[in-house]
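Number of protein chains: 2
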Amino acid sequence: MLIDWTKIALDIYDKIKAELINFDKKPTLWAILVWNNPESLRYIKQKKKWADYVWINFKLLELKEDISEKKLLEYINKVNKDNNISWYIIQLPLPKHINKNNIINSINSDKDIDWFHPINQWKMLIWDKTWFQSCTPMWIINILKSLDLVFLGKVVCVIGRSNIVWKPVIALLINEWATVICCNSSTQNIKEFTKKADIIIIATWKPKLLKEDMLKKWSIIIDVWFSVIDGKIIWDADTENIDKAWHKITPVPGWVWPLTVAMLIKNTLKAYKKEKL
Amino acid sequence: MLIDWTKIALDIYDKIKAELINFDKKPTLWAILVWNNPESLRYIKQKKKWADYVWINFKLLELKEDISEKKLLEYINKVNKDNNISWYIIQLPLPKHINKNNIINSINSDKDIDWFHPINQWKMLIWDKTWFQSCTPMWIINILKSLDLVFLGKVVCVIGRSNIVWKPVIALLINEWATVICCNSSTQNIKEFTKKADIIIIATWKPKLLKEDMLKKWSIIIDVWFSVIDGKIIWDADTENIDKAWHKITPVPGWVWPLTVAMLIKNTLKAYKKEKL
Chain H
107 MLIDWTKIAL
117 DIYDKIKAEL
127 INFDKKPTLW
137 AILVWNNPES
147 LRYIKQKKKW
157 ADYVWINFKL
167 LELKEDISEK
177 KLLEYINKVN
187 KDNNISWYII
197 QLPLPKHINK
207 NNIINSINSD
217 KDIDWFHPIN
227 QWKMLIWDKT
237 WFQSCTPMWI
247 INILKSLDLV
257 FLGKVVCVIG
267 RSNIVWKPVI
277 ALLINEWATV
287 ICCNSSTQNI
297 KEFTKKADII
307 IIATWKPKLL
317 KEDMLKKWSI
327 IIDVWFSVID
337 GKIIWDADTE
347 NIDKAWHKIT
357 PVPGWVWPLT
367 VAMLIKNTLK
377 AYKKEKL
Chain B
107 MLIDWTKIAL
117 DIYDKIKAEL
127 INFDKKPTLW
137 AILVWNNPES
147 LRYIKQKKKW
157 ADYVWINFKL
167 LELKEDISEK
177 KLLEYINKVN
187 KDNNISWYII
197 QLPLPKHINK
207 NNIINSINSD
217 KDIDWFHPIN
227 QWKMLIWDKT
237 WFQSCTPMWI
247 INILKSLDLV
257 FLGKVVCVIG
267 RSNIVWKPVI
277 ALLINEWATV
287 ICCNSSTQNI
297 KEFTKKADII
307 IIATWKPKLL
317 KEDMLKKWSI
327 IIDVWFSVID
337 GKIIWDADTE
347 NIDKAWHKIT
357 PVPGWVWPLT
367 VAMLIKNTLK
377 AYKKEKL
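As they're listed, the protein sequences go chains H and B.
The working numbering puts the first residue of the first sequence at 107, with every later residue one more than the last.
The working numbering puts the first residue of the second sequence at 107, with every later residue one more than the last.
Since the hints were derived computationally from the structure, they do not count as laboratory data.
A couple of the hints might just be wrong.
It does not matter which identical chain is used: a pair holds within one copy or between any two.
Stated by the list, open to error - Below, in silico cross-link-like pairs of lysine to any residue (SDA-like), each with a Cα-Cα straight-line distance of 25 Å or less:
| id | residue 1 | residue 2 |
| --- | --- | --- |
| 1 | 251 | 292 |
| 2 | 229 | 209 |
| 3 | 229 | 199 |
| 4 | 229 | 281 |
All chains, please: the whole structure from these sequences, using the hints.
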């Protein structure tokens with residue numbers, strides 16, 4: 107079976123929409139856009155589209171691309187203190203003359219709906235369930251949960267290592283009582299480990315690394331990353347040659363963005379409901 | 107071979123002492139002691155003993171046990187601003203009427219030599235090598251490094267799950283390019299995983315869980331926790347019956363405290379050298 111994450115995202119939106127319709131006032135999500143390069147604009151458009159769809163106001167705070175880091179920090183400080191702005195995101199990437207970490211660290215952690223601030227990242231790692239999680243690790247867990255999985259006792263093999271995605275994913279899986287095997291490019295005999303896994307999560311940038319003969323029957327594969335070779339997208343799993351009768355596997359055509367945006371919208375609803383309490 | 111962590115700690119102290127003797131001024135480590143119960147006093151005594159040994163000033167800031175949380179926060183705020191105090195620790199445990207997290211979050215993260223503040227915990231998880239690590243995960247890595255180990259490509263099985271120790275240990279091992287298998291009490295057939303491991307780190311509170319027939323030859327076992335049964339200390343590994351010709355194993359008589367304190371002293375030296383730059 108191919109896992110259709112566009113459909114999973116749509117289901118999430120429809121649930122959120124059904125819930126928001128009961129509120130007398132729309133929540134507002136603010137976005138600071140410093141650099142209107144094509145990449146940032148594509149992301150912002152997606153966020154606006156789905157915010158509109160679920161009945162969330164989406165307001166853009168546009169700044170000039172040549173703003174100095176100091177001026178940007180002053181602006182963020184103002185937004186942090188503005189009682190009309192409950193939560194906001196800062197659209198990445200930022201122009202090259204600005205240090206991304208300085209900017210992220212300056213966000214008021216209570217208003218940080220992307221959950222990027224170090225204090226929030228830490229809360230996620232220790233699994234403070236009362237609040238949000240950041241979007242990328244969250245959608246991986248959400249896809250798996252949409253398959254009615256119970257993580258307790260399952261063996262999950264995570265291939266790849268990065269600070270932003272993998273460590274949070276590993277922490278979230280451990281919190282759910284999974285047995286987690288963390289592999290990387292230095293792992294010898296990776297097949298030995300993938301063969302044991304009920305679930306494999308892969309992001310290696312190595313085209314078609316994961317093949318049918320490395321899998322246990324009935325395992326689920328979440329393929330997070332791809333390479334572009336001669337203009338063609340090649341995923342980390344050899345999806346074409348993996349038997350879909352035996353395995354559930356992403357991707358379907360399309361990219362993970364629908365789900366990342368869905369998680370942002372989900373966080374906004376959660377924050378709004380918390381504020382209403 | 108039994109791993110003698112008292113000796114490893116002593117080697118660390120002697121190295122630090124040899125280095126500190128070259129400085130014209132002693133560094134000072136400050137400790138806030140709110141509750142002079144026997145447990146806290148035992149910890150404080152150890153810290154003072156080894157600070158003295160390596161030529162570090164150890165200064166105690168004693169507060170009354172019945173101090174309110176508000177007053178304690180005010181006091182910490184004063185210490186945070188005091189230019190004479192470069193780093194300090196707050197000795198745990200705290201009296202029960204005080205919320206530990208509120209206190210830890212109020213420490214100026216730049217003065218937090220125990221590395222307990224969320225921002226510092228996060229820095230450790232993303233492996234910001236320019237600064238410290240907190241003491242417990244750090245000594246586990248230090249023991250292993252004292253055995254001239256290269257982590258790259260090694261398989262490490264971590265048994266147990268907790269926020270303070272395990273997630274940082276797992277993150278540190280991943281940063282060192284080890285393949286890490288994270289097991290917990292829901293793991294089925296734990297032997298399947300321990301059999302593959304070059305290194306096993308165990309803290310389960312389950313007496314003698316880890317036995318000889320679960321081990322790969324030549325593997326190293328770091329046994330972090332014990333239970334007390336009928337007044338007798340029983341470790342998580344069945345140390346008596348594990349062959350010391352084939353395996354390197356902790357513990358020797360004595361407890362991990364020497365190493366935890368050694369890491370604190372190591373952090374103090376590191377901070378002092380950084381300040382001198």
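Taking the hints in turn, this is what the structure says about them:
no., hint, verdict
1, 251 x 292, "between (30 Å within a copy, 18 Å between copies)"
2, 229 x 209, "both (19 Å within a copy, 16 Å between copies)"
3, 229 x 199, "both (24 Å within a copy, 21 Å between copies)"
4, 229 x 281, "both (12 Å within a copy, 20 Å between copies)"
Consistency with the previously given hints is maintained throughout, with no hint failing.
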